[in-house]
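Engineer: Using our numbering, you'd call the opening residue of the sequence shown number 62 and step up by one each time.
Hints were generated in silico from the structure; no laboratory data involved. The hints are all genuine.
Within a straight-line C-alpha distance of at most 25 Å, the following computed SDA-like cross-link-like pairs (lysine to any residue) qualify:
#1 K128 / G156
#2 K134 / A83
#3 K163 / L190
#4 K78 / T123
#5 K154 / L137
#6 K78 / A119
#7 K134 / L208
#8 K163 / T187
#9 K192 / P164
#10 K128 / K139
#11 K78 / N198
Quick caveat, the model's predicted, so the values are computed rather than measured.
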Amino acid sequence: MMAINNRVKITNDIELKDRLVAINRVTKVTKGGRTFSFSAIVVVGNEEGIIGWGLGKAGEVTAAIAKGVESAKKNLTKVPVLKGTVPHEQTAKFGGAEVFIKPASHGTGVVAGGAMRAVLESVGITDVLAKSKGSSNPHNLVKATILALGEMRDARMVAQNRGISIEKVFRG
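Can you build the whole structure from these sequences, using the hints too?
Structural biologist: Here it is in structure tokens:
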């Protein structure tokens, strides 16, 4: 399925909350010994349908997280959230990670694992069923989850694309 471009330009009125998904310590062996550096994958969102992810690398954990947050703020995406859940079922694949996201009734909560949970909570989804298939690599899981959310379309978007009223979308 073709990905719909829902890019969002950052403005000062958007209140973004950052969430750390994973930290990785990387070792480089040189003639003088081992050199450690850190990479951090971070997700930012306003819990009202805007989400972005970023990767930061630095010699210290705090610097890596700060770089990740700055990177995440540069690629924000708008996602349709209807009554705290997603509009329809969606699957997406990125690298070895495949994700399946399904809407859930009110009160279900976020039934998802690690990296997917961080993305879904940051975007403002409160009730969803999600399953990670394939690789559990947090980098690919975050990217696959955001890809799946980016392909979601609500009734208003479908009506706008087809040039018809929202009532006609539901009638057929």
